[in-house]
Amino acid sequence: MNAPLLKADGLKVSYPVRGLGKKPIEIVHGVDFEVGRGETLGIVGESGSGKTTIGRAILGLAMVTGGSVRFDGRDISHLGARDRRDLSKGIQVVFQDPYSSLNPSLTIGATLAEPLIVQGWDKAKATRRVLDLLDRVGLPKNAAARLPREFSGGQRQRIAIARALAPSPRLIVCDEPVSALDLSTQATVMDLLIDIQREQGVAYLFVSHDLAVVRHISHRTAVVYRGDIVEQGSTRQVTEQAEHPYTQRLLLAAPVADPLRQEKRRADRERLRAAQREADLQAAGF
Amino acid sequence: MSAPTTVTAEVEEKRRGTVARLIRDPQAVVTGSILLLMVLAGLFANVIAQHGPNEASLSAALAPVGTPGYPLGGDQSGRDILARLLHSINTAVVSALIGASVAALVGTVSGLIGGYFLKLRGVTEWVFTLIMTFPGMLLLILLMPVTKGDYRFTMLIFGVLLSPGIYRIVRNMTIGVSNELYVDAAKVSGVTNPRILFRHVLSVVRGPIVISTAFLCGTSISTQSGLAFLGVGSKEIPSFGAMISEGFKNIHLAPAQYLWPSLALGLMNACIVLFGNSLRDILQGAQPKPQKIAVAHVAQGFEALDIDTGKASLLSVRDLGIAYRSPAGDLNEVVRGVSLNLKAGETLGLVGESGSGKTQTAFGVLGVLPNEALVTRGSVRIDGKEILGLPEADLINVRGSQIAYVPQEPMSNLDPVYTVGKQLIEGIMASTGVKRAAAKERALELLDRVGIPDPAKTFKSYPHEISGGMAQRVLIAGAVAAAPRILIADEPTTALDVTVQADILDLLRDLQREMGMAIVLVTHNFGVVADICDRIAVMKQGEIVEQGTTVDVFADPQHDYTKMLLNSILDEDTVRSDAPVLVEAAGGEVR
Chain A
530 MNAPLLKADG LKVSYPVRGL GKKPIEIVHG VDFEVGRGET LGIVGESGSG
580 KTTIGRAILG LAMVTGGSVR FDGRDISHLG ARDRRDLSKG IQVVFQDPYS
630 SLNPSLTIGA TLAEPLIVQG WDKAKATRRV LDLLDRVGLP KNAAARLPRE
680 FSGGQRQRIA IARALAPSPR LIVCDEPVSA LDLSTQATVM DLLIDIQREQ
730 GVAYLFVSHD LAVVRHISHR TAVVYRGDIV EQGSTRQVTE QAEHPYTQRL
780 LLAAPVADPL RQEKRRADRE RLRAAQREAD LQAAGF
Chain B
23 MSAPTTVTAE VEEKRRGTVA RLIRDPQAVV TGSILLLMVL AGLFANVIAQ
73 HGPNEASLSA ALAPVGTPGY PLGGDQSGRD ILARLLHSIN TAVVSALIGA
123 SVAALVGTVS GLIGGYFLKL RGVTEWVFTL IMTFPGMLLL ILLMPVTKGD
173 YRFTMLIFGV LLSPGIYRIV RNMTIGVSNE LYVDAAKVSG VTNPRILFRH
223 VLSVVRGPIV ISTAFLCGTS ISTQSGLAFL GVGSKEIPSF GAMISEGFKN
273 IHLAPAQYLW PSLALGLMNA CIVLFGNSLR DILQGAQPKP QKIAVAHVAQ
323 GFEALDIDTG KASLLSVRDL GIAYRSPAGD LNEVVRGVSL NLKAGETLGL
373 VGESGSGKTQ TAFGVLGVLP NEALVTRGSV RIDGKEILGL PEADLINVRG
423 SQIAYVPQEP MSNLDPVYTV GKQLIEGIMA STGVKRAAAK ERALELLDRV
473 GIPDPAKTFK SYPHEISGGM AQRVLIAGAV AAAPRILIAD EPTTALDVTV
523 QADILDLLRD LQREMGMAIV LVTHNFGVVA DICDRIAVMK QGEIVEQGTT
573 VDVFADPQHD YTKMLLNSIL DEDTVRSDAP VLVEAAGGEV R
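Read top to bottom, the protein sequences are chains A and B.
Heads up: the first sequence begins at 530 in our numbering, then just goes up one per residue.
Heads up: the second sequence begins at 23 in our numbering, then just goes up one per residue.
The hints are simulated quantities; they were obtained by calculation from the structure and are not laboratory data.
One should not assume that every hint holds.
Calculated cross-link-like contacts (lysine-lysine; reagent style PhoX-like; alpha-carbon spacing at most 25 Å) [what the hints assert, rightly or not]:
| hint | chain 1 | residue 1 | chain 2 | residue 2 |
| --- | --- | --- | --- | --- |
| 1 | B | K444 | B | K457 |
| 2 | B | K141 | A | K551 |
| 3 | A | K793 | B | K407 |
| 4 | A | K551 | A | K536 |
| 5 | A | K618 | A | K654 |
| 6 | A | K541 | B | K444 |
| 7 | B | K457 | A | K552 |
| 8 | B | K457 | B | K407 |
| 9 | A | K541 | A | K551 |
| 10 | B | K141 | B | K170 |
| 11 | B | K257 | B | K271 |
| 12 | A | K552 | A | K541 |
Stretches of chain A that chain B covers, calculated by requiring three or more beta carbons in the stretch to come under 8 Å of a beta carbon on chain B [stated by the list, open to error]:
| hint | stretch |
| --- | --- |
| 13 | 550–562 |
| 14 | 652–664 |
| 15 | 688–699 |
| 16 | 707–715 |
| 17 | 758–770 |
| 18 | 790–800 |
Glycine is no exception: its CB is placed at the ideal position from the N, C-alpha and C atoms.
Using the sequences and the hints given, assemble the complete structure.
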């Protein structure tokens with residue numbers, strides 16, 4: 530058995546609090562997961578659950594305070610600045626907000642070339658690569674000379690994907706990449722991500738609050754609740770035979786876009802809630 | 023979305039450089055030209071004036087204006103006033119350049135460092151707070167023995183004293199930019215910190231630095247003149263301050279002597295300030311301003327559509343048009359002839375993608391719109407009574423009691439300064455006209471009704487102490503306080519977690535059953551529509567393309583756009599099933 534591409538063991542992540550002697554606040558309380566080569570692991574959770582923080586820890590943007598993260602067998606949880614910069618060839622990111630993830634004053638070409646230039650590519654070669662990348666994500670070549678504000682949300686997200694692809698990484702952390710997009714745009718951006726994965730074998734750590742999106746793109750899924758992974762497994766298993774009460778609640782709370790099925794789901798949710806309340810009361814000793 | 027973006031005229035306009043836009047601003051052109059002329063006059067001082075600034079001739083002492091060779095007369099020591107005036111301009115320009123550029127350089131570099139590197143911020147804060155405590159003018163006078171009276175050295179120190187102003191601006195903006203996702207993305211891309219600071223941060227803070235530096239030029243000139251007026255520093259250097267001081271002494275003998283340097287100093291400083299203002303308007307004017315919502319303006323000559331509604335429904339919208347004025351002055355309709363009907367107790371889903379005009383339509387029905395918007399045509403009637411064109415005083419009676427609103431972002435719709443209870447009471451008193459004590463009782467009842475576990479505690483809480491879901495319950499409580507007949511909910515659950523969303527939808531459903539109100543629900547989420555709406559209206563580019571009962575539209579959509587939207591919904595039953603592609607591991611083995 531080959532080692533997984535990314536492996537987190539008892540990963541704990543904290544945010545520092547300003548002020549002398551204040552203890553950092555722990556957001557993620559020790560999670561274990563793996564991402565295989567060419568695979569998508571979906572991380573589902575609600576706001577404040579710590580799902581985004583897990584992604585940021587892997588990117589080196591949040592402080593790992595316990596456990597370890599291994600990328601390709603190498604511990605990356607406490608890398609120095611230089612090693613972290615080298616790792617950018619291996620791990621990349623696509624953020625949620627297509628508006629603040631692109632510098633408004635740089636042209637698309639400059640934004641896309643930056644990761645290549647800092648790795649020592651010469652200008653002509655980087656320019657050729659930028660044009661290829663634009664083509665790959667379905668944008669016209671003349672986009673390179675334009676500024677982010679001339680593009681719609683969906684197009685900006687394509688640009689962000691192109692930037693992530695630039696150094697040919699093996700893992701892309703996708704933090705809610707389609708949550709800010711319109712429905713029809715959402716579908717095309719997801720298809721683009723899946724196509725790229727099939728073609729280049731890049732792995733995704735796909736963070737989202739939207740079960741439907743996660744179901745669509747993830748081979749395996751982990752459910753995060755209050756800083757812990759409460760359930761993980763194949764996506765089908767997690768979304769169809771959920772075992773943890775929170776996962777069950779989450780699944781039934783998501784409305785289905787069909788009035789008749791939704792009516793049934795609402796009734797199921799009502800029943801589950803009553804049952805869980807009963808169980809809670811019994812557990813509390815009543 | 024691969025449709026080519028049209029590069030609009032507005033974008034072209036923004037793309038044009040700062041200089042090009044300055045040239046089109048009359049204020050900048052006039053003040054800039056005056057400054058330029060003054061600087062040129064200073065540079066050619068030796069050509070324009072026939073004497074040197076310190077060349078004294080007894081015969082010219084206190085010579086009147088118009089004396090040959092002395093166009094502005096001579097001063098007490100017989101020096102050419104024109105020559106001294108022109109050389110004073112040079113002194114002022116050099117003071118401005120030294121003072122402002124030292125301040126800009128020191129402030130910018132420290133601001134970038136203090137803003138970006140959290141660990142160094144403590145040090146820079148301490149240093150600049152210390153600098154700010156120095157009494158500037160006094161310190162400059164005290165340091166005269168060190169500066170040997172050289173005004174350039176004095177201005178260098180003054181630049182350091184001015185730098186905290188720039189430091190604070192740069193530090194604050196840098197902190198803001200450091201939190202932007204594109205800075206995170208650059209870090210992940212392996213960009214080094216100096217490069218991030220230079221490329222990503224400096225490009226954003228550049229504008230404000232330029233503006234502040236322009237104003238600091240004025241401050242430097244005034245300070246240098248002030249010191250010279252007090253007689254501090256070298257007497258050899260001609261400057262406005264020294265000239266005013268001398269003119270002052272001779273004010274009874276030759277009043278005009280005092281006039282010239284004062285005029286020149288005044289003109290120069292006024293031009294710098296006005297030019298700085300133009301610069302600020304141009305560099306910062308492009309930033310979007312927050313939209314103000316006010317009573318809907320109607321287009322000139324607007325007359326509400328007079329229609330016989332027949333069996334008067336509760337809410338009837340006919341042929342509603344809402345437009346915005348383009349920069350060229352044309353009206354651009356974003357809502358184009360929308361017609362809707364709503365019966366009591368019914369829920370209508372207004373569905374569309376961003377930019378479809380669904381929120382504008384909802385605002386139009388409420389009788390409020392952003393200030394720039396105009397109602398161009400149509401009619402909105404509640405119980406047969408026309409809303410459009412009604413004065414604010416009459417609309418107040420309609421809002422709250424007849425029609426109420428639940429917004430998308432619960433947190434930004436609560437005032438952080440007041441407790442939840444205070445805000446609820448305010449609304450209840452306004453919409454129902456009851457006294458304070460009764461309003462408080464009603465508020466607690468309502469909080470309990472909307473499912474808040476401990477109403478008394480939430481009542482006393484500030485908005486930041488409650489969760490987003492709780493905040494939305496509070497806003498719903500406020501909206502239904504006066505038992506309105508119509509509730510307009512604009513994406514009421516979009517900002518909430520899915521489990522909270524389900525609870526809020528349940529609450530809306532229960533309240534509707536209890537109070538019999540009609541709901542217009544603006545949303546882009548078809549799951550929400552399927553959950554709560556009886557009827558649905560699909561909007562695209564300001565028009566309703568399809569309307570019908572929810573069950574019918576889902577089962578048998580008629581319009582292509584509706585079909586496309588429904589097809590874009592990610593099917594719940596399909597789970598990703600293809601296995602990950604085989605990728606060679608680093609060691610060359612295939613997994």
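Structure-based check of all given hints:
1. A hinted pair counts as satisfied when its Cα atoms are at most 25 Å apart, and K444(B) with K457(B) qualifies at roughly 13 Å.
2. For the hint linking K141(B) to K551(A), the alpha-carbon distance of about 15 Å falls within 25 Å, and the restraint holds.
3. With a C-alpha separation of about 40 Å, the suggested pair K793(A) and K407(B) falls outside the 25 Å cut-off, and the hint is violated.
4. Straight-line distance between C-alpha atoms of K551(A) and K536(A) comes to about 31 Å, which puts the hinted pair past the 25 Å bound.
5. Between K618(A) and K654(A) the CA atoms are separated by roughly 17 Å; this keeps the pair inside 25 Å, and the hint holds.
6. Pair hint K541(A) plus K444(B) does not hold up; C-alpha atoms about 41 Å apart against a cutoff of 25 Å.
7. Note on K457(B) and K552(A): the hinted pairing is violated, with a Cα-Cα distance of about 48 Å set against a maximum of 25 Å.
8. A C-alpha spacing of about 29 Å is found between K457(B) and K407(B), which places the hinted pair above 25 Å, so the restraint is violated.
9. A hinted pair counts as satisfied when its Cα atoms are at most 25 Å apart, and K541(A) with K551(A) qualifies at roughly 18 Å.
10. For the given pair, K141(B) sits about 39 Å from K170(B) by alpha-carbon distance, which is inconsistent with the 25 Å threshold.
11. Restraint check for K257(B) and K271(B): satisfied, since their Cα atoms lie roughly 15 Å apart, inside the 25 Å limit.
12. Under the criterion of a C-alpha separation no larger than 25 Å, the hint pairing K552(A) with K541(A) is consistent with the structure, at around 14 Å.
13. Residues of the stretch 550–562 of chain A lying with their CB closer than 8 Å to a CB of chain B number 0, which falls below the three-residue condition for coverage.
14. Under a criterion of three residues with beta carbons nearer than 8 Å to beta carbons of chain B, the stated coverage of the stretch 652–664 of chain A fails, only 0 such residues being counted.
15. Only residues whose beta carbon comes within less than 8 Å of a beta carbon in chain B count, and the stretch 688–699 of chain A has 5; three or more means the coverage holds.
16. Coverage of the stretch 707–715 of chain A by chain B holds [criterion: at least 3 residues with CB-CB distance below 8 Å; count 5].
17. With a cut-off of 8 Å between beta carbons, the stretch 758–770 of chain A has 4 residues touching chain B; three or more are needed, and the interface restraint holds.
18. Restraint check on the stretch 790–800 of chain A versus chain B: 4 residues with Cβ-Cβ distances below 8 Å, three needed, restraint holds.
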